Every structure is written in C-alpha cells, then in structure tokens.
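So the sequence lines, in the order shown, correspond to chains A and B.
This note's numbering applies: residue 133 is where the first sequence begins, and numbers increase by one.
This note's numbering applies: residue 1040 is where the second sequence begins, and numbers increase by one.
Note that these hints are calculated values from the structure, not bench results.
Treat the hints with care, since some could be wrong.
Computed cross-link-like contacts, EDC-like style, restricted to lysine to aspartate or glutamate with a CA-CA straight-line distance of at most 20 Å [to be verified]:
id, chain 1, residue 1, chain 2, residue 2
1, B, Lys1360, B, Glu1157
2, B, Lys1378, B, Glu1094
3, A, Lys427, B, Asp1124
4, B, Lys1342, B, Asp1244
5, B, Lys1360, B, Glu1094
6, B, Lys1305, B, Asp1327
7, B, Lys1360, B, Glu1161
8, B, Lys1360, B, Glu1122
9, A, Lys427, B, Glu1455
10, A, Lys427, A, Asp407
11, B, Lys1360, B, Glu1082
12, A, Lys427, A, Asp210
13, A, Lys243, A, Glu358
14, B, Lys1126, A, Asp399
15, B, Lys1328, B, Glu1455
16, A, Lys427, B, Glu1094
17, A, Lys427, B, Asp1130
18, B, Lys1126, A, Asp407
19, B, Lys1342, B, Asp1219
20, A, Lys243, A, Asp351
21, A, Lys427, A, Asp207
22, A, Lys427, B, Asp1244
23, B, Lys1342, B, Glu1271
24, A, Lys427, B, Asp1143
This structure is a prediction, so every number in the text was calculated from the model and none was measured.
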Amino acid sequence: MATLAGHRGRRSKNPLAVEDAIAGWVFILPAVTIFVMFIFGPILYAFYTSFFDRSTLGNRNEYVGTANYREILFDNPDFWQAFRNTTWFTIGVVPTQTAIGLILAVLANRKIRGKTFFRTAFYFPSISSSVVISVIFLWMYQRNGLIDFAVTKLGFPRPEPVWMNNPNGVVGSFLGLFGWDNVPAWLEGPSVALLSIMMLNIWTTAGTMMVIFLAGLQDVPGDVYEAASLDGASRWRQFRDITVPLIRPVTLFVTTVGMIGTFQVFDQIFVMTSDGGPNRTTTTMAYLIYQETFKYGSGLGYGSAMAMLLFALILGLFLLQRRLVGQNAL
Amino acid sequence: MTSRPPFLSRRDTLKLLGAAPVAAAAVTAGPRTRGVAAQDTTEVRLTSAPSSPAEQRVLEGLLQEFMAANPSISVAYEPVTAEYDTKLQTDLAAGTAADIFAYDSLPAPDLMQAGVLEPMGERLSEAQVDTADFFPGLIEAFTYEDELYGVPKDFSTLGMVYDPAAFEAANVTAVPTTWDELRAAAEAITEAQGSPAIVYGPNFDRYIAFLYQAGGAVINEDRSEIVLNSPEALTALQYYHGLYTDGLAATYTDVGAQWPGDAFSKDQAAIVFEGPWLIGFMAENAPDKAYEIAELPAGPAGKATMAFTVAYGINANSEVKDEAFQVISYLTGVEGMTKWSTGFGVLPSRPAVADAYLAEFPRRVGFLNGGEYARPWQLGPGGTRFSANANAELQGLFAGQLTPEQALENMQSRAEQDIRLD
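Chain B with its partners taken away, still in its complex shape (with noise of 0.2 Å):
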C-alpha cells in the first residue's frame, strides 16, 4: 500500500503490451501438452448429469473401483448439475465433448441421427455382452436404423405413490389398479380430506402414461404416421383432465409446489405419479412420511408406464474408444451394475441384478415391476421439440384455454410438424 509502483515508461509498456500475447499463448498452449506427460495411463473423459451429490458420490466410487482394477485407465469425470443437454450438445459442436457421455432417450434419436455417437453393436458381440439381457425396451431406445448406439445404465419407471394414511382415514382399503378404482379412490379422498387427493402437472410425460393404457399413440406401429388424435387418445385425455375439472386433481402450482413430488413431501397430496428419484427427494425432506409404491393403474387397454432411461455412448471423435468401452462395459455390467443401483437406488437395467435390487429395497418393487411392459420415453428425431410444443397444448387445456378436443388437434399438428418420421 505504502510503495507505489514507479511509472512505466512508454517503451517499457509498448514492450509488456507485446510479451503479453506471448504469455497468453504460453498458458493457452499448457493444458493441450497434458496427455503426453501422463505415460502408461490413458485418460478417458466422462460426462453425466448427476441428480444429486449422492449419485455422484456412488458414481465416483465406482471409478475408483474400475480404476484399480485397470491401472492402465484413468478415468476423469466431469459432472454437469444443469442444462446438460445443451452443454452436450454445445460440446459435440465444439469438439470438446467427453469420450464416454450419458444421454436421455428423449434426446437420443436426434443424436444418433446426427452420427455423432460411435456404433456399439460390434464392441458388444466382441466382448460377448448380450443385449437380450437388458430390458428390452431400453435397448429399443438407444438403437437407430438395427444398430445400438449405447447401453442403458440405468432407468426409471412412474407409478402411483401414495400416503397410506390418507387412504386409510377415507376408508380406501383396497389400492386402486384401474382408472376406475382410482377415481373412486380419489374422491373418497379428496372428500375425506376436503382437498384433491391427486397432485400432478399438465406434462406430457405424464400424460403420455395414460394414453398408453387407453390404447393410443403418438406414432404408428411402422413409424409411418403421427396417430395422436385418436378416440382412445382423447378418452385418456378426458379422463386425465376429468381429475382435474372435476376437483379430484389439482397441478402442482395450484398448491404451491415446485413439482408433485414437493407437494406430497408436504402432505398436499395423497396421490402422485412420479418415479424412484421420488424416493432420494423424501428421504432428505420428509424422512418421517410413510408412503407406498405401486403400479400405475390400469386403463381400457391394460397397463402402461414411461421409462425414462440414460445410456452411456461413445463419442464418435474420440480417440480412446477401446478404452472407453471398457469402462462402460464395467458400469454396465451385472457387477458395476449391481454396485450403482443397490448404492443410489435407480432401477437396474439389467432384469438379472433385480433380485439384488429388491432384495435391498423389497418395497420399490411397483417401480420395477413396470419395467416388463414400460415404454421408453421417446418420440423421434425432434421429440423433445414436441414433448415441449405438447406441454405448452396441456397448459392451455388446463388453464381453461382449449377444450380437450382442441388441444389434441393442435398436438397432433404440432407431432406432424416436429417429429420427423422415417
């Protein structure tokens, strides 16, 4: 503070002026020289986006393990908490995407299209990987034109959740397993407790669910047509909306809460329809709370529930596949498996690690059991375009803007627009 700096002179500045550039190169220069100091090991980069400091924790210790078990590899994860498709997808522009990055199904028919995942189909017959091993609807999502571009880490299912307090003061003894029991169950409730028993969101990853179990779709069999403006589609959508305009429903901004899992954690709701990362949620915010899990109920045309599943892929431009596919190999084995979804508690893709599963967590198993007839969360190239154009429809319907008919038609124009078929 005491000492001033003396002045520069103006040559001695012009000559500061022009080293710094020189040290800018130096610095930028650094980081690239990296890889070759590290000798016998190779690094391999790995990308996800962890839901929480839990998954990471049990993720990290994971590559610990594969670690020491192959010196040779050095696994370096970089976990993104937000906006994680769009830094993939800003990533892979720039060419700095990780060698081994984690994707959603719903974005995954954009990616595959874009060939910007390496193939695994061969590296798995190689290292003797079967995928009939895996449930298949999560194989179904991360394959593109016969060939499979990753392999599914994990997955999670919806199914009811509900307070078993609440169903036992509005004498609901039995626990509903079609659309029917389930209104009736809910206006049992919803009377009994003198607010809507049911809170839940005008999402279309919700009410896909139910257009499932009534029979509809949003594409065709052959993937040939947008089909959603269907009788069955609108029955669902009737029925799903009927909870709401008939007060056995409410969304969960009508109460307040940032989603349906946050109002049930406060005992605004007796009935959600969420997935496992529910179980995390209550565990830290209402660890008191007795809940139960079942299946979703039944509609006209039998069960139906979302998978909503991540794969680990390849990044085509890397440089150290082999190596990266080992390392998915081991976190997607029957042990590395085993290890991930006993320690964070998401559902094991493979159905041979299910009985260590439930042997662990026996009450989960209406989310596992899901897993046989799930469908995977996923519309086409250009379904996360859609899935949000949906929800705007939803919103409008919910707030009282369209009618159920009108909002499926401009969803059905909206699929016609957005998916790009075969």
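Chain A extracted, bound-state conformation (with noise of 0.2 Å):
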C-alpha cells in the first residue's frame, strides 16, 4: 500500500514538475541557442581559427600552431603600440569615469530641487548615439571648432598642430617642459589626439556609471547614515568611511565594465581617426584587429589570434582587479 501510495504521489506529483522543467527549458531555448551560436561557439571557433593562416579571401588556409601569436607578440610593433594606446587609455579613462560617475550619483541622490533633471542630463550622453556623439566632437576638436575658440577666447595659445592631428604624447611633453627629452616611447603617454578621445569617452560613459551607483547608494541603508551623524561624523566623514565601503562590490562592478568597455574601444576611433592616426597613436588593440584582419589582409587566423590575446588581457586583469577590491564583492 504505502509504495502505491508513494508511486501514486510521485505520479500526482510529477507529471507537472517535469513539465515545468521541461517549460523552463523551452522557454530559455531561444536564449541558449542564441547564446551558443552568435557568442559562445564563435568564440571557440575563433580560438580554433586562431591556430590557422586563413586568409579572409579563402585561398590559403593551413595549420601553424602558435606561429601567429609568436608573430603578433615578437614581430609585430603595431600590436605594442596598440598595447600602450589601449593601456594609456584605460588608465585615463576608468579612474576618472568612475570618479565622475560617483560624484555625480552622490549628488543626484541628495534631495535637492530638479533630481530628476539632473539624473536625466548626466545620463543623456549615454544613451544617444554612439556615431553621432563622435561626429559632433569631431567637429568641436576642429581647428576653429568650438574649443578652439574657447581656448583662443581664455587667451591661451592655440594648440598646434590641431587636436585630433596631434600625436605627441602629453606626458612626454609634459616631461619635456623640464628639459626631459628624449623620454621612452612607454612613457610618452597618450597623444594629444588620444587624450581628445578619452576626454569624449569620460563624457559618455560617465552617466552610466551614475546609474549604476546610483542604485548601489540606494541599497546603502539610511540608519547607518542616520546613527553616523548622531556620533558626530562630517559628510565627508560619513561619504569615505560608510558610502565608499558598502558600494564596494558596485564599484568593482563599475570599473570591470569600465575597463572591458576601454579595451574593447573601437567605435569612436573609427569614426574619428583616419586609420588610428596620427602616426599610429589612437590605434587601440580592437582597431588593429579590425585592420589587421579587414583592412590589410592579414587573415581571419591571425586577427583571431589578436582577439585571444586581447581577451586573455582583460580576463587577467579582471582577476588582478578582483583581489586587489575584495574577492567576495563580486
């Protein structure tokens, strides 16, 4: 009697639960297939394919083993070039977007008049076109464009050659006011033109780290706060040794998606520049592996290559970054 009745239970039971899961599985069908096909399985195929010379034409494709990471990690300047722009890039890019993006969440969670307005401003960079953004900054970093005349208007001397065409890097010249010349190509930092990139970078992705904070700070309970300035602590006091703390795992959430977003930039510099010029010094690694691979024929195997290192780049970092803040944060 009791195993009928166990079995009679199971069966009353059961025929929904499996058909739940089978539901469940339905229904996440699409989003499996969709994941595996356009992103997990291109990136093994390209892993795959990075152990062959194929060219993008199709007439040449045999295997090589490591031949062309050795050829992109010994013998090819461009790629250490890349590696320097994009690394100068995220340098500059991720502390300051991150700072920003703080300041500006600390400040649209006051209660002040207008929050709404000011958390739509700051966000709006974000969610305009990326394209669009870039053409409008092109046009202002002009000769005679708007910061050339805000710079002229302030007094000072107008930068030559012009923003975007300038390729001395700014802490070489820096370095140079102090009678440094001659400073290693590693330390010239980003050229004048790079900087001009970052700068629209900072403006864009700044919002977005906003957004992000802001919904950290919201989880930041308001006792905590409350008890603190019972004790007597300053806003100051309160901002670094409570607010700074709890959104710890936001923060590393917000400068992991910082710096895969700068290594990965790609959009602002092929709109932009011609090339990744002047003289090489806005071409970041995911543009040369656009180059490499479209533009110069150097083959799907060898920019595929390109695409692993890049990608081992950033996962390293991730785990370096993911020690320094706090392995439980995330």
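Could you fit the two chains together into a complex? Lean on the hints.
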C-alpha cells in the first residue's frame, strides 16, 4: 500500500514538475540557442581559427600552430603600440569615469530641486548614438572649432597641430617642459589626439556609471548614516567611511565594466580618426584587430589570435582587479 | 488596445515554439528559389562604390540601356556607399559576392593573387577587344603574371587645380610647370593673401607623385627590391614637406577642412593637388567659384602623376560568367564608356573616347593629359597596408616628430615588411 501510495504520490506530483522543467528549458531555449550560436560558439571557433593561417578570401588555410601568436608578440611593433595606446586609454578613462560617476551619483541622490532633471541630463550622453556624438566632437576638436574658440577666448595660444592631428604624447610633452627630452616610448603617454578621444569617452560613459552607482546608493541603509550623524560624523567622514566601503561591490562592477569597455574601444576610433592616426597614436587593440583582419589582409587566423590575446589580457586584469578589490565583492 | 489577447495555454506555447523554426526555415528558403522563377532572363549581380548619387544614376541609366538591348540579361545593381573594400572582402569570403564587382588599383594585387577573379584575356580576344585601345598604365594595373583580371572602367589623375583670382592678385601670370616655378608662385600668393597658398595633406598618395617626379620609386624596375629610401625620394620629401615648414602650404586639418578640395571650395587654398572628383564637389559646394586645371608641375626627373583607376572584374565563382562579360563589354566599350565618362565626368580609360570627352569638358585637358604618363596607384600585394603605414610616418613628419630622413627610413622598413615582392 505504502509503495502504491508513494507511487501515486509521485505520479500526481511529477507530471507537473516534469512539465515545468520542460517548459522552463523550452522557454530559455531561444536564449541558450542564440548564446551558443552567436556568442559561445564563435568564441570557440575564433580560438580554433587562431591556430591557422587563413586568409579572409579563403585561398590560404593551413595549420600553423602558435605561429600567429609568436608573430604578433615578437614581430609586430603595431601590436605593442596598440597595447600602449589602449593601456593609457584605460588608465586615463576608468578611474576618471568612476570618480565622476560616483560624484554625480552622490549629488543626484541628494534631496535637491530638479533631481530628476539632473539624473536625466547626466545620463543622456550614454543613450545617444556613439557615432553621432563622435562626429559632433570631431567638429568641436577641429581647427576653429568650439574648443579652439574657447581656448583662444581664454587667452591661451592655439594648440599646434590641431587636437585630433597631434601625435605628441602628453606625458612626454610635460616632462619635456622640465628639460627631459627623449622620453622612452612607453612613458610618452597618450597623444593629444588620444586624449581628446578619452575625454569624449569619459563624457559619454560617466552617466552610465552614475546610474549604476545610484542603484548601489539606494541599497545603503539610511539608518547607518543616521547613526553616524548622531555620533557627529561629518558629511565627508560619512562618504569616506560609510558610502565608499558599502558600495564596494558596485565599484568593482563599475571598474570592471569600464575596463572591458575601454579595452574594447573601437567605434570612436573608427569614426574620429583616419586609420588610427596621427602616426598610429590612436590605434587601439580592437581597432588594430579590425585593420589587420579586414583591411590589411593579414587573415582571419591572425586577427583571431590577436582577439584571443586581448581576451586573455582583459581576463587577467579582471582577476587581478578582483583580488585587489576583494574576492567576495562580486 | 481594448481587447487583450487570450492567454496561451502552455501546450499552445510549445506548439508555437515548435512551429517557429519551421516558419523561419520557410522564410530563409524563400530567396534561394528566386532565380528559378525568372525563366528566360539570367540575372547578373553587379556591385560598385558610387561616389555620389549622380554617379549611381548615370550607371543605372547605362544598365537600363544595356538590358533594353539584351533582354535575356537582367542586371541587379548593388551600390555600396561606404567601406566598400571591407564589404567586398567579407562578401568574397562568405561566397556571396556579386558576379561583377568594381575594384580599385590599390587592393587589386591582393585580389588577383588570391584567385577570386576570373581571367579576362581569353574572353577579351574572343570578343576582339584590343587591350592596346586602353591607356597602357591602366591595363598594367590589373595585370598579374601576364594575365588580365579586369577591364579599367575609368580613371582619375592628379592635377594642379588653382584659383585664377588668387594668381592674379599676386601677379602670377604664368601657370607653374616646374617645382621651382610652383614654389615661386606659392611664395607670391602666400605673401599676397597672407595665408598658405597650397593646401594638401600628409598623404602618401600625394607624395608619391612628387617621388616619381624626382625620379624615385617604391619598388625597383624588376620588382625585386624596395628602393624607397633613395636620394631622389629625400629630395622629393624635402620639397613636399618644405612647402609646409616654409609656410607656403598648410594641411587641410590646419585650416579646419575635411580634405584639400573642401578647403579650396571655401577659398582657404589657391592651389590643391586633386583629381576630377573635385569637379562635382565644386559644382555642388561652390558653383560660382572659378578655377582652372593644369598638369602637376614637373620635377627634376620630369612629369609624373598618379592614375587612380577602377576595373570591373568577374567573380571567379560566378555561374553566369559569359553574361557578366557581356555587361562589362558594354560598360567599357566605346559606346558605353562615352556615355559613362561624358555623363558622369570621370576620365575615359580609352584614348579613343578622349575626343568626345574633351568636346564635352574642354577645361579638363589638364587631367586627361596626365593619362599619357600617369603611373597606376598601386604598390603590389600588401600595398593597402603599406599605404596606411606610410601615411602614419608622414603624419609623424608633419607633426614634427620625425625628420624627412627618419620618415623615409621608417617607410623603407615598413615597405620591406608590408609589400610582398614576387
């Protein structure tokens, strides 16, 4: 009897559970299919392709082992230049956009008049088309453009060459003021042209970071602040010792997303520069991958290998960053 | 808005999901049968990169005339307005490239070497088309290992376009025909107008004309060696860059223009080194501005200019090669080319058509004369890559990061790395 009852019990419960499970799988099937077909599959295939010398036009396809990787790492000066450019870009953009995003979030989180307006205004650049913004900034950076106009109105000399055509490194130029000429290439810093794009990038992404920080700030319980102010903590103390530590997981998320975004920067380079110029100083890694693969005929294998190196780099930096910020944070 | 759809039962949802792939398959299968439906006409796909709506209209008109005369062939024209070379490459890789595609002289060696183009020689001789009827430099641009892979549809040369009013204001009466005269004229005009007379850019496709005028070359005669770093090249670079350092020339970005022609149309330049593409641009942006066209001034080694040319080639994987060839024959034949070049304004690649062209556009003789000695804008397999790398070095030179000697040295080593010699 007991077994029968158990059997009946399972029967009466199970068909629904099984059906639920099937339905669940069926419902996520489109998402899984799309993920495997268009994201995970291509990544694996790119990894596989990176061991081949395969021309885009398909007349060359042979297994070459790690030759692509070796050529990129030891025989392609452009790769290292792109690596330097991208690193400077990241070093410049990520901390700045994180700081600005946090400041904007804290400001927009206060009970001030027109709060919604400011939130919308700060977020607006992030939802505008990246290409349109790039083109507008390109006009602003032009000779006699808005920025030239502002600089000359303020009484400064007009910079030569014009912003987007200046390949001189900003750190190198700064050190040059103190008489240190012949700065090594890795210390030259981003070129003025790259710096111009960095500023644009900060402007567009700070809003996104603000929104993420705002969500994080909502999660900080109000009674903590209340207790702190009863104890006589100043606004700055509260920010430093309550807000910053409590939103650390959000900070990790923001810096990670920011880092991935900056290492992959492509559209702004594509729209604003000609072939990653002047003098290759705005050629980022993602842009170089595009150039090598689709413009210079280095082949799909070579481009895939470069993309894998970029992937490894981002992954490595992410793991390092997670370790620095705290393992349990994310 | 008022009636909500009834909730689907779970079973219905499953049915729907099951049906979706079938429906999707039916949709994707659709276009494949399209060719079968058209019974007697063969469809030939043609793709090119029209530089303007005007160019597209003229080509579409020509194709209409062709189809009226050849009812058995229908040509589907697929214009690509941006990133043409990239799109062509991915289309070829995916096997979806058009039957006929236009391609530029610079990437031509890479395409010819890759074997994606159908050889033309045999078909041309069968159709009794003599390649000697074309400008020799243009045929050379689409020849690889003694086989022709495309028929040049037109070409553009670099000329010296100048503003006669600026010349007059500076009392320059003779059109400069040598480097020294150009320099003297530029000095006079710069002084008279108070701003640089010439607007150009740190572009290898302009500098190379000066390189040839000085007697230099990128690759030696038998294509065995890169010979870019030569005294002649240095002379040319010092002259070209010297115009800039001496304040006689400005780059187009210096004056806030998109390209030299843009600066010319805004009266920011008295002299630019551009091609026939400037004419349509001027008609649209500065229709009232008077300008003249002359040949590029001769250097120490004589006259030289560049021929930027585009050919129609047949996709090696095409299934309608004979029909495709018929289309190309019409477009590049005397009749089609006359209509094409006089309709749109690019230079005809057949000297025989030149008379009709000059009758229509007498002032463009400066561009057309260059056709006799123009060198194709081509640097061998890997040329696209080298051209971009050479531009980077020139940008470094113009920004003051490099000396002409260093820039040349870098360009030499870049060329050795990028250009694959035979």
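Verification of the hints:
1. A C-alpha spacing of about 8 Å is found between lysine 1360 of chain B and glutamate 1157 of chain B, which places the hinted pair at or below 20 Å, so the restraint holds.
2. The hinted pair formed by lysine 1378 of chain B and glutamate 1094 of chain B meets the criterion: a straight-line CA distance of about 12 Å does not exceed 20 Å.
3. For the hint linking lysine 427 of chain A to aspartate 1124 of chain B, the alpha-carbon distance of about 8 Å falls within 20 Å, and the restraint holds.
4. Only pairs whose Cα atoms come within 20 Å are accepted, and lysine 1342 of chain B paired with aspartate 1244 of chain B is accepted, the gap being roughly 16 Å.
5. Only pairs whose Cα atoms come within 20 Å are accepted, and lysine 1360 of chain B paired with glutamate 1094 of chain B is rejected, the gap being roughly 25 Å.
6. Under the criterion of a C-alpha separation no larger than 20 Å, the hint pairing lysine 1305 of chain B with aspartate 1327 of chain B is consistent with the structure, at around 11 Å.
7. For the hint linking lysine 1360 of chain B to glutamate 1161 of chain B, the alpha-carbon distance of about 13 Å falls within 20 Å, and the restraint holds.
8. Distance hint between lysine 1360 of chain B and glutamate 1122 of chain B is unfulfilled; the C-alpha atoms sit about 26 Å from each other, more than 20 Å.
9. Restraint check for lysine 427 of chain A and glutamate 1455 of chain B: the C-alpha separation of about 18 Å stays at or below 20 Å, so the hint holds.
10. Taken as a hint, the lysine 427 of chain A and aspartate 407 of chain A pair is honoured in the structure, with Cα atoms around 10 Å apart against an allowance of 20 Å.
11. Proximity of lysine 1360 of chain B to glutamate 1082 of chain B is assessed by CA-CA distance (about 11 Å); at most 20 Å being required, the pair is judged to hold.
12. A hinted pair counts as satisfied when its Cα atoms are at most 20 Å apart, and lysine 427 of chain A with aspartate 210 of chain A qualifies at roughly 14 Å.
13. Restraint check for lysine 243 of chain A and glutamate 358 of chain A: satisfied, since their Cα atoms lie roughly 15 Å apart, inside the 20 Å limit.
14. Proximity of lysine 1126 of chain B to aspartate 399 of chain A is assessed by CA-CA distance (about 17 Å); at most 20 Å being required, the pair is judged to hold.
15. For the hint pairing lysine 1328 of chain B with glutamate 1455 of chain B, the CA-to-CA distance comes to about 44 Å; that exceeds 20 Å, so the pair is violated.
16. About 25 Å separates the Cα atoms of lysine 427 of chain A and glutamate 1094 of chain B, which puts this hinted pair outside 20 Å; it is violated.
17. Between the alpha carbons of lysine 427 of chain A and aspartate 1130 of chain B the distance comes to roughly 14 Å, so the proposed pair stays at or under 20 Å and holds.
18. Taken as a hint, the lysine 1126 of chain B and aspartate 407 of chain A pair is honoured in the structure, with Cα atoms around 17 Å apart against an allowance of 20 Å.
19. With a C-alpha separation of about 13 Å, the suggested pair lysine 1342 of chain B and aspartate 1219 of chain B falls inside the 20 Å cut-off, and the hint holds.
20. At roughly 16 Å between alpha-carbon atoms, lysine 243 of chain A and aspartate 351 of chain A fall within 20 Å of each other, so this suggested pair holds.
21. Only pairs whose Cα atoms come within 20 Å are accepted, and lysine 427 of chain A paired with aspartate 207 of chain A is accepted, the gap being roughly 19 Å.
22. A C-alpha spacing of about 17 Å is found between lysine 427 of chain A and aspartate 1244 of chain B, which places the hinted pair at or below 20 Å, so the restraint holds.
23. In summary, the hint linking lysine 1342 of chain B to glutamate 1271 of chain B is supported, as the alpha carbons are separated by about 14 Å, within the 20 Å threshold.
24. Of the pairs offered as hints, the one joining lysine 427 of chain A and aspartate 1143 of chain B holds, with about 13 Å between alpha carbons and a cut-off of 20 Å not exceeded.
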